Every structure is written in C-alpha cells, then in structure tokens.
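Student: These are the residues of each chain, in order.
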Amino acid sequence: MSSETILHGQTTEAIHVHEDHADHGHHHEESFLTKYIFCQDHKMIAKQFLITGIIWAIIGGLFSVLFRLQLGYPDMSFPVLEDVFGRWAKGGRISNEFYYALVTMHGTILVFFVLTAGLSGTFANLLIPLQIGARDMASGFLNMLSYWFFFLASVVMFASLFIQTGPAAGGWTIYPPLSALGQASEGSKLGMDFWLISMALFIVSSLLGGLNYISTILNLRTKGMSMTRMPLTMWAIFFTAVLGVLSFPVLLSGAVLLLFDRNLGTSFYLSEIVVKGEILPNEGGSAILFQHLFWFLGHPEVYIILLPAMGMVSEIMSVNSRKPIFGYLAMVGSLFAITILAFLVWAHHMFVTGLNPFLGAFFVLLTLLIAVPSAIKVFNWLTTLWRGNIRLTPAMLFAIGFVSLFISGGLTGIFLGNSTLDIHLHDTYFVVAHFHIVMGVASFFGMFAGVYHWFPKMYSRYLNNTMAYIHFWVTLVGAYLIFWPMHYQGLAGLPRRYTDFSNWQSFNQFAGMNRFISTVAMIVFAVQLLFVFNFFYSIFKGRKVQSQNPWGANTLEWTTPITPGHGNWPGEIPEVHRWAYDYGKDGREFIAQVEPVGADESKH
Amino acid sequence: MMIDVLSDQKRKIHPHKFTLWVAIGSILMMFAGLTSAFIVKRSQANWIMLNIPLIFWYSTVAILTSSVAVQLSLKALKQRNMVGYRRWLVITAVLGIVFLVLQIIGFIQFGDQEIKLIGAGSNASYSFLLAISGLHGLHVLGGVITLIVIAIRAVSISKRNYSSVPLEIAATYWHFVDALWIYLFIFFNWMK
Chain A
1443 MSSETILHGQ TTEAIHVHED HADHGHHHEE SFLTKYIFCQ DHKMIAKQFL ITGIIWAIIG
1503 GLFSVLFRLQ LGYPDMSFPV LEDVFGRWAK GGRISNEFYY ALVTMHGTIL VFFVLTAGLS
1563 GTFANLLIPL QIGARDMASG FLNMLSYWFF FLASVVMFAS LFIQTGPAAG GWTIYPPLSA
1623 LGQASEGSKL GMDFWLISMA LFIVSSLLGG LNYISTILNL RTKGMSMTRM PLTMWAIFFT
1683 AVLGVLSFPV LLSGAVLLLF DRNLGTSFYL SEIVVKGEIL PNEGGSAILF QHLFWFLGHP
1743 EVYIILLPAM GMVSEIMSVN SRKPIFGYLA MVGSLFAITI LAFLVWAHHM FVTGLNPFLG
1803 AFFVLLTLLI AVPSAIKVFN WLTTLWRGNI RLTPAMLFAI GFVSLFISGG LTGIFLGNST
1863 LDIHLHDTYF VVAHFHIVMG VASFFGMFAG VYHWFPKMYS RYLNNTMAYI HFWVTLVGAY
1923 LIFWPMHYQG LAGLPRRYTD FSNWQSFNQF AGMNRFISTV AMIVFAVQLL FVFNFFYSIF
1983 KGRKVQSQNP WGANTLEWTT PITPGHGNWP GEIPEVHRWA YDYGKDGREF IAQVEPVGAD
2043 ESKH
Chain B
982 MMIDVLSDQK RKIHPHKFTL WVAIGSILMM FAGLTSAFIV KRSQANWIML NIPLIFWYST
1042 VAILTSSVAV QLSLKALKQR NMVGYRRWLV ITAVLGIVFL VLQIIGFIQF GDQEIKLIGA
1102 GSNASYSFLL AISGLHGLHV LGGVITLIVI AIRAVSISKR NYSSVPLEIA ATYWHFVDAL
1162 WIYLFIFFNW MK
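The listed protein sequences correspond, in order, to chains A and B.
Offset between the first sequence (1-based) and the working numbering: plus 1442.
Offset between the second sequence (1-based) and the working numbering: plus 981.
Derived from the structure by calculation, the hints contain no laboratory data.
The model shown is predicted, which means the values in this text are computed figures rather than measured ones.
The reader is advised that the hints may include incorrect statements.
Pair ranges (Cβ atoms, derived) [said to hold, decoys possible]:
hint : chain 1 : residue 1 : chain 2 : residue 2 : range
1    : A       : Gln1951   : B       : Tyr1164   : 57 to 65 angstroms
2    : A       : Glu2017   : B       : Asn1170   : 53 to 61 angstroms
3    : B       : Gly1115   : A       : Asn1860   : 36 to 44 angstroms
4    : A       : Leu1972   : B       : Leu1122   : 44 to 52 angstroms
5    : B       : Lys998    : A       : Ala1803   : 42 to 50 angstroms
6    : B       : Ile1029   : A       : Pro1799   : 28 to 36 angstroms
7    : A       : Lys1532   : B       : Tyr1164   : 54 to 62 angstroms
8    : B       : Lys998    : A       : Phe1593   : 23 to 31 angstroms
9    : A       : Pro2003   : B       : Leu1045   : 54 to 62 angstroms
10   : B       : Gln1094   : A       : Ile1605   : 35 to 43 angstroms
11   : A       : Leu1971   : B       : Gly1092   : 52 to 60 angstroms
12   : A       : Tyr1940   : B       : Arg1023   : 36 to 44 angstroms
30 angstroms max Cα-Cα, derived DSS-like pairs, lysine-lysine [unchecked claim]:
hint : chain 1 : residue 1 : chain 2 : residue 2
13   : A       : Lys1986   : A       : Lys1489
14   : A       : Lys1631   : A       : Lys1718
15   : A       : Lys1489   : A       : Lys1665
16   : A       : Lys2027   : A       : Lys2045
17   : A       : Lys1718   : B       : Lys1097
18   : A       : Lys1477   : A       : Lys1986
19   : B       : Lys1059   : B       : Lys998
20   : A       : Lys1983   : A       : Lys1477
21   : B       : Lys998    : A       : Lys1489
22   : B       : Lys1097   : B       : Lys1173
23   : A       : Lys1532   : A       : Lys1718
24   : A       : Lys1665   : B       : Lys998
25   : A       : Lys1665   : A       : Lys1532
26   : B       : Lys1097   : A       : Lys1631
27   : A       : Lys1477   : B       : Lys998
Glycine included, every Cβ here is placed at the ideal spot set by N, Cα and C.
Working from the sequences, and respecting the hints, build out all of it.
Tutor: Below, the structure is given as structure tokens:
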C-alpha cells in the first residue's frame, strides 16, 4: 500500500514537471516587469549580470585612473578634481584618505563585483543550460534571487561611496585591527559597515548562484551528454562553483566575527591596543586569525576569477583553430588539480606575518605545485593552436592574449611563491604587477573573448569588428606597458599603497616611469569605453546574425534558434552523440554534437 | 515521453534535494571555519575555559526529539495519514521553538553568573560560544519558518498536494541542523 502511494505521488510530480516544460515551447505573454526585471530566464539573468558588471567595471576602472593620476603627477594640482570631489581633493590634489578609499574600492569592485559576479554570473547563466541541453537552470527562482542579492549588494556598496566619512579604506582585504576600529580611520567608520553588509549580500548571491550551477550541471544534462562530453567551459564553471560554495562561507564566518568585534566589543581579532592615546578594553585577540579566515576564501577566489576565463578560452581556441582541443582529459584533470590546490595554499599570502617557517615550507611546496597543472594547460593551448587553421576573430585574439598574459603573470608567481624571496617582494609593486597580469587582465581577456564570441547568441547581432581590433591591440600592448615596468619598481622595493614617492630619496627616480604608466593607464581606460560603446551600440545597431551557427561550432547553443525563447529549443531538446571537439575530422570541418556517430567514422 | 520522464525521475535524485545537499556542504564549511578558528584561538594566551550550563543539555534533548517528530510526520504523509502528518509537523516546529528559547535563556543566564559574552571584559571563548550558537540558531530559525510554511499549506483547503518532496527536503535540512548542533555541543564540551 505505502509503496504504491509513494509511486503515485511521484507520478503526479513527474507529470507536473513534464507539463511545465511543454509550456516553454510557445511564447507566453510577458510584461515588461517579468521579462526584464523579475525574470527567471537564464539568458536574461546573464544579461543583467553582464550589464551590472560593465557598470561596475567603468566605476572601478575610473577609480584606478584617479589614483594613477595622483601617482603619475604627485606635484600637480587638478582643480577639476576639487570641483567634483570637494574636500576629498582639496586644492585639486587627491587626499590620503581619498587615495586609500580609491584603491580599496578599486580592488573590491573588480575582484568581487566585476570578475566574480560579472564573469561567472554572466557566462554560467548564459552557457550552462545552452551547452548541456536544458530548458533552464535547476531553479529559476533561486537564480533570480541570486541576481537580486547581487543587485542589493551593489546598491549598498554604491551608497557607501557617498557617505560623509567615505567608503571602506583599509584595503580590499579589510585586515583588522584597522577595519575593526572606527576611531582608527575615516574609512573604518560607517563605510566599513556598508562594506560588510554589502559583502554579506554578495556572498548570499554567489552561494545561491553556485548551488544552482552545480545542481544544474550534474542533474539536467540532456540525453547522451555524459560528463566527459561536456565542453570545457562547463567543467571550468562547475569547478568555479564548487570553489565558491566551499570557500565563500568561510569568508562569511570571518566577516561575522569582524562584525562582532566592530559592534559588540568582543576580542576575536583585537588585542591590547591604544588608539590616539585611548586604551581600548579589548584583550587577547588575534589579528592573524582573520587573515587565515580571509585567505581561505581569498586564495580560491583568484581561481573563481580565473577558471571561467580558462574554460571559455579553451572552447573559443578550439573553435577558431578548427582543431580539437589538445588533451581534453588533461584539461579537465588540471582544472580539478587547481581546484584542490586552491584550498591548500592560502598561507602563502601570510609568509611575513610571523608564520612558522617550517609550516611555510609546506605552503611553498604546495604553491609551486600549482605550476604543474598551469603548465599543462598552457602546453595544451599552444598545441591546440599548433598547425591549426586559425581564424583571428576578436574572440580568438583575446583568447590568445589570455594565454600570453597567463604565461607572463604565472612566471612571476614562481618568484612570489617562495617564502624567502617574499621577504623582499611582499607588499611591493612586484606583487601588484603579478596579480594584475595573471588574474586581473588575463581574466578580463577571457571575459572579453566570451563577450565577443557569444554576443551573437545573446543579442542576435555582431559586435563591430574594427572597434574590436582597436580594443584588443591597445589593451594588450597597454597591459604590458602598464604592468611590465611595475616589476622593476617592485624589485627595487617600491611599496604598494603609498600616495606619493617624490619626497622619498630611494624611490623618486621612478617619477618618469610612474608618469608613463599613468598615461598608458588612461589611454587603456579610454579604449575600454570604446568597447562599452561598441557593446551598447551593437545591441541595437550591430550587424544582424543570419546563420544559426555563425562560428561553425559543435556545441549545443548553436542548435537553438538565432533568438532563442524561454526554454531555448522550440521542440524537444536535442540528443548528444559525441564530444564537443570533433573539428577537422574525417575530412569534415566540424561535426556538431547532435550528429550521430557514423558507421565508418574514425575514432578520435 | 511521459514514461521517459518518469523513469528519469526515479533514477535521479530530485534536483532540489540535490541542491540542498550542496547547500549543506556549504553551511558545513562555514562552521568548519568557525570551529577551526576556535581551536586556533584556544591555543593562544588568555583563554578562559568554557563551562556549559545544564540548560544546553535540555535544548539538546528538545532538538533531538524534534528530529524524531519530523520523521514521524514524513512517515504519516507517505501513508496518507494527513491528521498525523499535520500533528507531528506542528510538534516539530514547536520543539524547534523550544530549542531556540532554551538557548536564549541559557545565554541570559550567563549574565547572572557575571560571565560577559560581549563588550569590555569579555573573553573570546564565550564570545565564540555566542557567535557560533547564534549562527546555528539562525539556521534553526530558518528551518522553523520553513516548517510553519509547510504546515500552513497542509491545512489550506484551496490546494491539495500530496507530494512529499517539500517535506522530505525540509526534514533533511532539519536533521542536518540537529546533527550540526550535536557536533557543536560535543565540540564545546570537549574543546572547552
């Protein structure tokens, strides 16, 4: 009796699921509100993430232009700055507090709001259902919530820019005790509370998103889409989501304890401290504890940023070389290895905090081990390009640029991973140059590659190619011109987070170099605005996509109509018969995943 | 087609259930972070040993019993015993509230013993107890709200739904917050 009723219960469920899907085939009436605002369609949510990310990128990029202005021209005054920013730029010069706020917000915005939410949020949402063959995410509602939590986090962070004492200004790593004590600096007052609230909302958003990505990839793949037939974008996004789901909660726990210290007078992180002559009642706290909790997220976070770029680059490179990706399983394996190692290397950010040198040795070893999967990936990208029939589309150029930057930035990682070299290099411009190239610019290149490649799927139009080529070359050359000189500055010991080096005997020789870097940074920023213009112009006026599969790609997203509706495929979801990389096989240029394997077909 | 969907459903775990398991992994990481922070802090100077009062044993019993109740509710639902289903569901939610109230009373009692949890003169050990138990309490509160929503739906006349999936998901979560408290309780008593 009981088993029969259970079965019955499931039958009604199953029918319900089935009817739901049948619904998606034809267009139902949608109001503006359900179509553009509270939308549960993964494609629209992807666009929401992307456009919010673009807005944040402009703000974050503008901040870097402002502080580069200070670094490049420390002795000049720009009255226009005082007109705009008032007392933050008295006499046309950026004040110290303003400078710290700018670098802190630049880091926070670009690491979290652009390269985490803007990158993962956009491409995970857009590509997962399209590439695995699903109508939508496992839970469209959670997906919508994920965007709206991100939006709320954005509103709070944006609001913090306008409060009287300014936004958080203790660096994007918000180390206590500085961040825990409001009396310690302007930026540690209300701005810090806003920062923490915003990040809590952001963490909720990424967790909801990540849960959905994992659950969708593992459960909703179409018939025949085994895990090893998935495009590498899916593997990369899957591992990204795993990293996020396991590491963001630890940041949340660290942030909760920081909130206690800030607002409830506890002593988790605060030891015996005197601020401005006032002896604080706290005793026995450990500031290093926060660093452990922070970097347990902080390090996986750099892979959360990088892995989606790696996945998209692999896919775009294979499509535009007209060759299978070299070493598919090695690519998956190296993604897996990076995911595991990401959790085991956090203390390499803390070599100079008094970490036990014996313990440090293990972290050096594990850190340098990351070179192995990274080298495997680089080797496979280069061998994919090798003797390929390369089409230099803008997406392909950015993908190749990504590999170039990843190599350049990765090599300096080998220096920084050594605890002994780190004594000299930590907190210098060498670190700044390293992580900007390998994580910042490289991931941006992956993101640009993705935008240029999938823009036709998002808006049924192409981006303008001329603007795209200008964008690529200026950005690539500019990135090297900005960050290459910083390596020299760092080796010479130039410290980060200083507003002015001109009164400093050992470093004022760099005045000319700093001015050069600042000039290039402004040019590169202007070219990013050209991209933004291209993006919005092409949404409305771009060349229309005429063919269903403009790049001649194998993956499932190109079997949908040119403008897919909610539900993606008008009829049944196609069945998959092969992996995603049958390019140049048996004399055929490409064989889509939906084509059954022929009787006389060779094995790959 | 329908047969296909049905057999698919039977073979695979329900996607929402799967999502819950991933979420549980995520919540576990948060408490792993907090309890390892506790261990790190404990080995440093200036640590006052925890003294767990009796009332936390009572709350432990309450949440353990509630796990049994939610299981009985699920069993009743599967047997179409709607009265038993609703009764045990309400008992579960009430026991959850009892747990929360006992926890709060426990923390108020610290004040009577002149142990400071927060503010000047507080020690990290008791602050940890408050922060970690407080975060666990928030997770229990979330569970209670979920159970109440399911209970309200169960008595609504306009819509009859015999699907056991929502309750199964809620029950899995409820067992999880129960097991999590047992872990924390043993941890606090053992690590002090």
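Student: Could you run down the list of hints and mark each one as holding or not?
Tutor: Okay, the hints, checked on the actual structure:
Look at Gln1951 of chain A against Tyr1164 of chain B: about 58 angstroms separates their beta carbons, and that is inside 57 to 65 angstroms. The supplied range of 53 to 61 angstroms is met by Glu2017 of chain A and Asn1170 of chain B, whose beta-carbon atoms lie about 56 angstroms from each other. Here the CB-CB span from Gly1115 of chain B to Asn1860 of chain A is close to 42 angstroms, well matched to the stated 36 to 44 angstroms. For Leu1972 of chain A and Leu1122 of chain B, the hinted distance range of 44 to 52 angstroms is satisfied, since their beta carbons lie about 51 angstroms from each other.
For Lys998 of chain B paired with Ala1803 of chain A, a C-beta distance near 44 angstroms keeps the hint of 42 to 50 angstroms intact. As the Cβ distance of Ile1029 of chain B to Pro1799 of chain A is approximately 31 angstroms, the hint placing it in 28 to 36 angstroms holds. At about 55 angstroms, the CB distance of Lys1532 of chain A to Tyr1164 of chain B agrees with the hint of 54 to 62 angstroms. In this structure the hint that Lys998 of chain B and Phe1593 of chain A lie 23 to 31 angstroms apart at CB holds, the actual value being about 28 angstroms.
For the pair Pro2003 of chain A and Leu1045 of chain B, the supplied restraint of 54 to 62 angstroms holds, since their beta-carbon distance comes to about 55 angstroms. Range check, Gln1094 of chain B to Ile1605 of chain A: Cβ separation about 41 angstroms, and the 35 to 43 angstroms hint holds. Separation of Leu1971 of chain A from Gly1092 of chain B is about 58 angstroms and conforms to the stated range, judged on CB atoms against 52 to 60 angstroms. Distance hint check: the CB atoms of Tyr1940 of chain A and Arg1023 of chain B are about 38 angstroms apart, consistent with the given range 36 to 44 angstroms.
Between the alpha carbons of Lys1986 of chain A and Lys1489 of chain A the distance comes to roughly 18 angstroms, so the proposed pair stays at or under 30 angstroms and holds. Pair hint Lys1631 of chain A plus Lys1718 of chain A holds up; C-alpha atoms about 15 angstroms apart against a cutoff of 30 angstroms. Simply put, Lys1489 of chain A and Lys1665 of chain A have alpha-carbon atoms about 28 angstroms apart, close enough for the 30 angstroms limit, and the pair holds. Between Lys2027 of chain A and Lys2045 of chain A, the direct Cα distance comes to roughly 9 angstroms. Compliance with the 30 angstroms bound is thereby established for this hinted pair.
Among the hinted pairs, Lys1718 of chain A with Lys1097 of chain B is consistent with the structure: their alpha-carbon atoms are about 26 angstroms apart, no more than 30 angstroms. With a C-alpha separation of about 22 angstroms, the suggested pair Lys1477 of chain A and Lys1986 of chain A falls inside the 30 angstroms cut-off, and the hint holds. Proximity of Lys1059 of chain B to Lys998 of chain B is assessed by CA-CA distance (about 17 angstroms); at most 30 angstroms being required, the pair is judged to hold. This hinted pair checks out: Lys1983 of chain A and Lys1477 of chain A have alpha carbons roughly 21 angstroms apart, not beyond 30 angstroms.
Taking the CA atoms of Lys998 of chain B and Lys1489 of chain A, the gap is near 28 angstroms; set against the 30 angstroms cutoff, the hint holds. For the hint linking Lys1097 of chain B to Lys1173 of chain B, the alpha-carbon distance of about 16 angstroms falls within 30 angstroms, and the restraint holds. Between Lys1532 of chain A and Lys1718 of chain A, the direct Cα distance comes to roughly 25 angstroms. Compliance with the 30 angstroms bound is thereby established for this hinted pair. Of the supplied pair hints, the one linking Lys1665 of chain A and Lys998 of chain B holds, its CA atoms being roughly 21 angstroms apart against a limit of 30 angstroms.
Distance check on the hinted pair: Lys1665 of chain A and Lys1532 of chain A sit about 65 angstroms apart at the alpha-carbon level, beyond 30 angstroms; violated. Taken as a hint, the Lys1097 of chain B and Lys1631 of chain A pair is honoured in the structure, with Cα atoms around 25 angstroms apart against an allowance of 30 angstroms. Distance check on the hinted pair: Lys1477 of chain A and Lys998 of chain B sit about 28 angstroms apart at the alpha-carbon level, within 30 angstroms; holds.
In the structure shown, a violation is registered for the earlier hint numbered 25 alone.
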